[in-house]
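Participant: Going by our numbering, the residue at position 7 of the sequence shown is 13; the numbering climbs one at a time, nothing skipped.
No wet-lab data here; the hints were simulated from the structure.
C-beta: ideal position from N, C-alpha, C; glycine also.
Treat the hints loosely; a few may be bogus.
[Said to hold, decoys possible] Just the calculated beta-carbon pair ranges, DEER-fashion: (1) 79 x 29: 17 to 27 Å; (2) 110 x 67: 41 to 51 Å; (3) 41 x 115: 26 to 36 Å; (4) 48 x 91: 19 to 29 Å; (5) 125 x 45: 19 to 29 Å; (6) 50 x 111: 33 to 43 Å; (7) 118 x 28: 29 to 39 Å.
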Amino acid sequence: MYVIRLKNCAFFARHGVLDEEEALGQRFYVDAVLSVEPGRALVDDAIEETVNYGIAFTVIEKIITGERRFLIEALAMEVAKALTERFPQIKRAEITVRKPNAPVPGVLDHVEVTVVWPE
Numbered sequence: 007m008y009v010i011r012l013k014n015c016a017f018f019a020r021h022g023v024l025d026e027e028e029a030l031g032q033r034f035y036v037d038a039v040l041s042v043e044p045g046r047a048l049v050d051d052a053i054e055e056t057v058n059y060g061i062a063f064t065v066i067e068k069i070i071t072g073e074r075r076f077l078i079e080a081l082a083m084e085v086a087k088a089l090t091e092r093f094p095q096i097k098r099a100e101i102t103v104r105k106p107n108a109p110v111p112g113v114l115d116h117v118e119v120t121v122v123w124p125e
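Kindly generate the complete structure, drawing on both the sequences and the hints.
Facilitator: Quick look at the structure:
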């Protein structure tokens, strides 16, 4: 097993419970930690046997910039499931979604949720 990490992928989207979040939008940041079954990739240098991180990025982007979700928990789970479906070599996906401008009554750096699929 080996791990591929896509760190701090940034996207503009309109997720959240409040109407203002949909109207204004904001940046979301995603980390993907993908545990991959090695197959022939490590020995044969075979791109088709691993996770192409350019394609993985576009899978993440399509979901994050797509349909509005109220919860970043649901958003993270959708990303995890989509990546494991697209790349059967991924045996475990840990997805973190960060929301820096969460509507809370105080100052914070960001809110983040991490999901692991399969559990």
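Participant: Confirm or reject each hint.
Facilitator: Against the structure, the hints come out as follows:
no. : hint                 : result
1   : 79 x 29: 17 to 27 Å  : holds (22 Å)
2   : 110 x 67: 41 to 51 Å : violated (26 Å)
3   : 41 x 115: 26 to 36 Å : holds (27 Å)
4   : 48 x 91: 19 to 29 Å  : holds (23 Å)
5   : 125 x 45: 19 to 29 Å : holds (23 Å)
6   : 50 x 111: 33 to 43 Å : violated (55 Å)
7   : 118 x 28: 29 to 39 Å : violated (20 Å)
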